Structures are given as structure tokens and as C-alpha cells.
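The listed protein sequences correspond, in order, to chains E and S. Quick note, the first sequence lines up with residues 1 to 86 if you use my numbering. Quick note, the second sequence lines up with residues 1001 to 1234 if you use my numbering.
No wet-lab data here; the hints were simulated from the structure. Remember, it's a predicted structure, so these values are computed and weren't measured experimentally. The C-beta atom is built at its ideal place from N, Cα and C for all residues, glycine as well. Hints should not be assumed to be uniformly reliable.
Unchecked claim - Calculated cross-link-like contacts (lysine to any residue; reagent style SDA-like; alpha-carbon spacing at most 25 Å):
1. E:K10 / S:A1176
2. E:K10 / S:K1128
3. E:K55 / S:L1057
4. S:K1128 / S:P1139
5. E:K55 / S:H1056
6. E:K40 / S:L1184
7. S:K1040 / S:W1019
8. E:K55 / S:S1106
9. E:K40 / S:D1016
10. S:K1035 / E:N68
11. E:K10 / S:L1057
12. S:K1002 / S:K1128
13. E:K10 / S:W1019
14. E:K31 / E:R63
15. E:K10 / S:S1107
16. E:K22 / E:K55
17. S:K1002 / S:K1040
18. E:K10 / S:T1153
19. S:K1035 / S:W1019
20. E:K55 / S:F1065
21. S:K1040 / S:Q1028
22. E:K31 / S:L1108
23. E:K55 / S:L1184
24. S:K1040 / S:D1016
25. S:K1128 / S:A1210
26. S:K1193 / E:N68
27. E:K40 / S:G1054
28. E:K40 / S:S1106
29. E:K22 / E:I38
30. S:K1128 / S:E1211
31. E:K55 / E:E43
32. E:K40 / S:L1108
Unchecked claim - Beyond 10 Å from chain E on every Cβ pair, some chain S residues (computed):
33. K1040
34. D1055
35. E1094
36. L1108
37. D1123
38. V1135
39. D1150
40. Q1159
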Amino acid sequence: MIARVVVTPKPLVNDPQGITVKAGLATLGFKEVSDVRIGKYIEVRLDAASEHEAKQRVEAMCRQLLANHVIEDFRFEIETEASPKR
Amino acid sequence: MKFGVVVFPGTWSDRDCGWVIDQVLGEQLQYLWHKDADLKGCDCVILPGGFAYGDHLRTGAIARFAPVMEKVGEFADRGGLVWGICNGFQILCEAGLLPGALTRNSSLEFRCAWTNLLVERNDLAFTKQCSDREVISVPISHGEGSYFADPATLSRLEQNGQVVFRYCDPAGNVVAGANPNGSLHNIAGIVNKRGNVLGMMPHPERCSEAELGGTDGLKLFRSVAESAMRVLVS
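Only chain E is shown next, with the shape it has when bound in the complex (with noise of 0.2 Å):
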């Protein structure tokens, strides 16, 4: 099974990178852009006996070390390898 895990900064937790990429985008013209938050994506490929354990150790995996509560949310999905989205 396939983890897709998107890390982002909290809501308080200043974004300088995601100012800096909105002033950017303004540049180009992209005047619509009303904010902009960088976060990361990790994919992580386990064994796993159902998607439910699959679950319950990513989430496990995300408490402990993938983000750091203090200034990361997370969130993922889980993909059985037979059905790829893409």
C-alpha cells in the first residue's frame, strides 16, 4: 500500500516561503491569489494487512515523526497498490 501524506503549516505558523511564492504569483499577474501555504507531501510505502491497519500505523507514523505538532497538520490517504489513481 501506497501513503500519501500532506504535511502543512498550521494556521498561526508564519509562512515566509508562501508569502514570498503569493508575491510571486501577483507578479505574474495572478491577482486572484489571496494566500499561499507550502507544506510538504510524503509518500510512504508499508505492508499492511487491511487499509484499516495501513491507517492507524501512518497516523501513528505522523504523530511520532513525519510532522511536528507544535507547527504541522496532516493529513493522507491510503492506496492499495492494485488501484493506482494515476
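Place chain S on chain E using the hints.
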């Protein structure tokens, strides 16, 4: 007084700290390898600056799992002196030994510069040689030193007097212009509630000899050395 200096793969300030302890202070020095599961009788453990384990994923995120860190945590729980400098501060936050986190400098630049620090606590083992609200000059060298904590944690830190160093102007005014990295409340260093675990972004080991442009950092090393003497005497 025996100082332990932890060396992770990617640590770069271990020798600078070691030099100050050994050559400038004349105290006992013990390097501690990240795989050591024993602190070898050290009275104060320093986590120095650098990029431990390449700072992969986040600063300090991998280093906190090193075998030596389990011992550092136990040592801190027993009241042992633990001092994280720069990357060491980041590791202490990741390990949960200090609250909050260090994030990307608001400028997005790596900042290598002298800063002025207002010493708000001079009753600690780390700062006893400083006078009350002294302004000391200590260099910073980091890309991710912007201190963040959620509002509740931040107000708890302030109420408990856990902010030890704040970026200030030369006269000791804590102003936005003196903040090199966007740290909340101009925080440059904090201590745990018990007062035995200190984390700071600036580098006192780089200003402990006149040849290096300043000696304010030596006050902190001397404070630690003398605090150990007091324990022996009492």
C-alpha cells in the same frame, strides 16, 4: 566540572564548544557520540550547533531518536544541566524537552550576524555571571531560528519567566528591528520550568575569546562551571 559535548553526524560546533571548555575555561571535556548510551559522568551536557543528521525532514527531527538522546532526557528529568545551542535548541524542542519549535527565518535567509540579547533571567545555572537585565552580544548563525509556540504556551512561558534571552537593540530595548528571524516575542532562548534545560539560538561558544570579537559567551560557560562548584561546596 565535566562538560559533555554531544556529536551527531552533521554537528559542526562541537569543536568550538570543546575549545572553550578545554582551552579557555580549563574544565574537563568529554565528547559524547550520538550512539553512546551513557553520559560518562558529565555534569552538563551540551547539544551543539550544526545540522544533525542533515536536518532531514525538519531540524532536529531525526537527531531526537539518537540513543544518546534517551539518556539526555533521563539526565534532564533528574535535574541535570542540558544546554542546547542553535541546532541543539531545535533538537530539544523536537524531543519535547522544551516547548515550541524553531521555524524558517521570516527573511528566508540564513542569518550570520552579531545580535544583542537581553538577559531576563540571571538566577539560572547558565546565567549567574550575568547582571540583572544585562545586554550581551552574541552571534547567530541559522536559517531556521524563528521561535514559535501557540498562544497558550507562549503566555505560560512568559508567566513562568521561562524566556531567558530576547533579541534587543544595544540599549536593551526589545524592538522588532532587533529581531533577526521573526521569533515570537523576540525570543532567542528559553529554559524549562525547572531551570535546568536551556535552549538558545545564538552561539556563546563563538564569542568566548577577545580574538573572536567578544567574550560575553564566556559568562555563560563560567556560570555553568561555577554552579557545579557551588553544588560541590554545599
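Hint by hint, here is what the structure shows:
1. E:K10 / S:A1176: Between K10 of chain E and A1176 of chain S the Cα gap is close to 23 Å, so the pair holds against 25 Å.
2. E:K10 / S:K1128: violated, 37 Å
3. E:K55 / S:L1057: holds, 21 Å
4. S:K1128 / S:P1139: holds, 20 Å
5. E:K55 / S:H1056: holds, 24 Å
6. E:K40 / S:L1184: Status holds; Cα separation ~23 Å.
7. S:K1040 / S:W1019: Holds, because 19 Å separates the two Cα atoms, which is no more than 25 Å.
8. E:K55 / S:S1106: Measuring from Cα to Cα gives roughly 35 Å; hence the hint is violated.
9. E:K40 / S:D1016: Given that 25 Å is the threshold and the Cα spacing comes to 34 Å, the pair is violated.
10. S:K1035 / E:N68: Distance of about 24 Å is within 25 Å: holds.
11. E:K10 / S:L1057: Distance ~16 Å between K10 of chain E and L1057 of chain S Cα, so the pair holds.
12. S:K1002 / S:K1128: Holds, at about 18 Å.
13. E:K10 / S:W1019: It is violated: about 40 Å lies between the C-alpha atoms, which goes past 25 Å.
14. E:K31 / E:R63: violated, 37 Å
15. E:K10 / S:S1107: holds, 19 Å
16. E:K22 / E:K55: Since the Cα atoms of K22 of chain E and K55 of chain E sit roughly 33 Å apart, the hinted pair is violated (cutoff 25 Å).
17. S:K1002 / S:K1040: Status holds; Cα separation ~9 Å.
18. E:K10 / S:T1153: holds, 15 Å
19. S:K1035 / S:W1019: Roughly 22 Å between the alpha carbons, so the hint for K1035 of chain S and W1019 of chain S holds.
20. E:K55 / S:F1065: holds, 23 Å
21. S:K1040 / S:Q1028: Holds, at roughly 12 Å.
22. E:K31 / S:L1108: holds, 23 Å
23. E:K55 / S:L1184: The hint is violated at about 35 Å.
24. S:K1040 / S:D1016: Holds, at roughly 20 Å.
25. S:K1128 / S:A1210: holds, 21 Å
26. S:K1193 / E:N68: Holds: K1193 of chain S and N68 of chain E sit about 22 Å apart, inside 25 Å.
27. E:K40 / S:G1054: holds, 17 Å
28. E:K40 / S:S1106: holds, 18 Å
29. E:K22 / E:I38: holds, 10 Å
30. S:K1128 / S:E1211: holds, 24 Å
31. E:K55 / E:E43: holds, 13 Å
32. E:K40 / S:L1108: Answer holds: K40 of chain E to L1108 of chain S is near 17 Å, not above 25 Å.
33. K1040: K1040 of chain S clear of chain E: closest Cβ-Cβ about 28 Å, beyond 10 Å.
34. D1055: Correct as stated: the minimum Cβ-Cβ distance to chain E is 13 Å, above 10 Å.
35. E1094: Non-interface label fails for E1094 of chain S: nearest chain E Cβ at 7 Å, not farther than 10 Å.
36. L1108: violated, 5 Å
37. D1123: Consistent with the label, D1123 of chain S stays out of reach of chain E, its closest Cβ about 27 Å off (over 10 Å).
38. V1135: holds, 26 Å
39. D1150: The claim breaks: D1150 of chain S does not keep its Cβ more than 10 Å from every Cβ of chain E (closest is about 7 Å).
40. Q1159: Label holds. Min Cβ-Cβ 19 Å, cutoff 10 Å.
In summary, the structure is inconsistent with hints 2, 8, 9, 13, 14, 16, 23, 35, 36 and 39 from the numbered list given earlier, while agreeing with the others.
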